[in-house]
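Could you put together the complete structure from these sequences and hints?
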Amino acid sequence: MVFEQKHILGLEELSSDEIRLILDTAESMKEVSERDVKKVPALKGVTVVNLFFEPSTRTRASFEIAEKRLSADVLNFTPTESSVVKGETLLDTARNLEAMGASVIVIRHSMSGAPWLLARELSSSIVNAGDGFHEHPSQALLDLFTVREIKKEISGLKIVIVGDILHSRVARSNIWGFIKLGAEVRVVGPPTMIPRDIEKVDVKVHYNIENALEGVDIVMMLRLQKERQESGLFPSLREYSRFYGLTRERLGLAKADVIVMHPGPINRGVELSSEVADDMHSVILNQVSNGIAVRMAMLYLVASGGGSG
Amino acid sequence: MDSETITRALSRIAHEILERNKGAKELRIIGIRTRGIHIARRLADKIQELEGIKPPLGTLDITLYRDDFRRKTDWPSVQKTEIAFSVEEKNVILVDDVLYTGRTTRAAIDAIMDYGRPDFIQLAVLVDRGGHRELPIQADYVGTRVMTVRTQKVEVLIKELDGRDEVIILQLGSPNEAR
Amino acid sequence: MKILIKDGQLIDPSQEINEVRNLLLSDGKINGYPSDTKELEMDSSVQVIDASGKVVSPGFIDLHVHLREPGFEHKETIRTGCLAAAAGGFTSVVCMPNTNPVNDNASVTEYILLKARTEGVVNVFPVGAITKGQKGQALAEIGEMREAGCVAISDDGRPVMNSRVMRHAMEYAKAFELPVISHAEDLNLSSDGVMNDGFTSTILGLRGIPNASEEIIVARDITLGELTGTHLHIAHVSTAGAVRLIRDAKKRGVKVTGEATPHHFTLNDKAVLNYDTSTKVNPPIRSREDMEAIREGLKDGVLDIIATDHAPHTEDEKKVEFDLAPFGISGLETALPLALRLVEDRILTLTELIRKLTFNPAQIIIRSNRGTLKPGAPADVVIFDPNKTVKVDRDKFFSKGRNTPFHGWRLSGQILYTIVGGEIVFSA
Ligand SMILES: [Zn+2]
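Residue numbers (our numbering), protein chains in the order written: chain A, 1 to 309; chain B, 1001 to 1179; chain C, 2001 to 2428.
Because the hints were derived from the structure by calculation, they are not lab data.
The hints are all genuine.
Label pairs and their in silico Cβ distance ranges:
#1 H1132/B <-> A99/A: 32 to 42 angstroms
#2 P1056/B <-> S71/A: 27 to 37 angstroms
#3 T57/A <-> I1053/B: 43 to 53 angstroms
All residues carry an ideal CB built from backbone N, CA and C; glycine is no exception.
Spelled out as structure tokens, the structure:
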């Protein structure tokens, strides 16, 4: 199978076969990461720009390592407040980077749809490293990869995503990914944080965490942004954790071999009790090396894919 | 080549490998995807038959090492490389079905070097297509040599994949279809 | 100077005329409908336009445009806005006060009218602000603005949130017989929303503006209309609930009228799916059900008029992140072909459609004797071919605003002549 996409903007646009191809390719990439010389010449001569408008050391570092392992020339561009204040638009910035020879642009932006603007106006391949509340494809592909590694097969699994779904790009991408690969997806959180009409994408909506956890194979916890309290979406962290926090006791409602995932960093005692946070350590570490492999696969496939020739 | 000549050629190659490497002890056999894997396995089996030691067998996918990146549209998917042993100070036998331009071999050598520093890398091929080499590369062990023109295509059929063993030479319409 | 428009299908809803008739314009006025034109045709001072097979109607009146001048001349000027209006078949435009400075006093009104007289090619009727600086607090000098030429007051662009202020504005406007045009939006509820709140906003991860945001203020303003007796006009109705509220109010005899824009009766919010900022508009393009309700409202008369909410912006302003793009669609030059789809879809007859573009808007700005082809009325006329296919090309717009979601659409309906005060200001 050939990867026809020029960009990876979101999991919504990808077919289940394309998602599987990325995951399969990531397995080969993971093997590269296990060698003494963790480098292949696949993207030699290709310039990849990491254009991060939001600070995110972890995602950016993961992309950068992935790029270097593929022998790409890497340029990190983190626009400062001042250059934004100077009035340079996103498009100006990206056009300049393209003029410098970038053929792949990895973009992280606080506003939903920003990568779409670049995909429409530029000739480079665009990889979305997270846009607003919209999508975070590399995180979701990593989650899918990790789950597939542990559970072998995603189809038929039950997953529940817990927390602020409304403001979560991780949730949106994972919903698409897990549904496309045949899992049953539930979401649970305070109704103020459940996006409207989400059930139309075949997601079951719960407001009670105990009901939602019943018999699930995977629990995906979202990070709670404390500023949502100020905008009146929930009354207090205490109340939130009482009704939506994951405790060992609640986790007992899930399947015995349940996996707990969290995109990190964790607010201990809010989304997760400390004991649950300690229990899930191994999965988090695994995610780091898997993250590099998945991003290598994404970069390799868009750079060699149908659109960029 | 038919099934019988192929078996005989592989048997001869196995003897030559053992002779040149003074036994099977330091041997590591790595097949290049896809058909090289099966030829490598048969060589390893033959060596075991002759020496009583089965040399460790690996699988190499060279997609990430190709130098025609961005020129092909029908880019093959990246497959897994499986080399579960160290190549450090070993005698690595690279196995492929056909040696043609030499570019695949170049990519495979680069890949092996990323796994460590073998004492020797030697190349075994079932068919050596003469006259089209683009790099200074030659095979150490050859099943058969054929002189072909670019409008021809050498196809190696393998029992495990194609149901029978055979090497056939096809005439193509244009040089672009040749591989 | 005389113009004879021959053999056209004359449609004048103000007089219930819909037949082949000749139309004579002279001295800037409608002269009459001569049946014998031989002599006129011999007269070299009479310009003859053959309109056979074409529709001749009163020039269109757009009750809702943003001409951007003064203050935002890079987006549009009174001149370019008027040229765009003429190209769209509009002979009169009513311009909203959210300029810089805001049209909240007679001197700004006079400036706009002066510019319109010297540079404009269509009639310009300004709308005054309800409050000073559109800040929603102190009343603007509504009486003086009326004397200077304002035909209505409105909070368009920056709605009045304080109900007490709105009450006083409506009471006060009554003395000057000015209608109050309401941009119905609860800013607290809209918050920083950028599109319709619903499934599509969920998919796109964009903040939504719920229907309730519009409906709450429609309900409030209708209630205040009942309290004060002032004519209330609800601009750019976008939701099914707002249509229902206006329908109920009309049944109770409240003096309220409603307006629909071409984009709200043509598109639904799936148009936003690729983050195309040309679809970003306020109120937002709503769901399919809302769009159907708008069409139903036009059909049963709850929505009296069609106006464009022409809101031009530059390409650079729109080629940004969806959240950062300004709201607005450049609507003057696509209005007729989009509206004709309502006829094609059997929502309206051609006569009903023309009524909503001519006589009905003229009735709302009550001091106007426009929107009619009665002898003696100003010679504002449009001639169009409802069947000619045109491809929307934003690069050919007269407006500076190329921000249209309809670029490349194939539509029926071409404006052939736009005549203002007896002068041809546009011809195809
Ligand atoms: Zn408005």
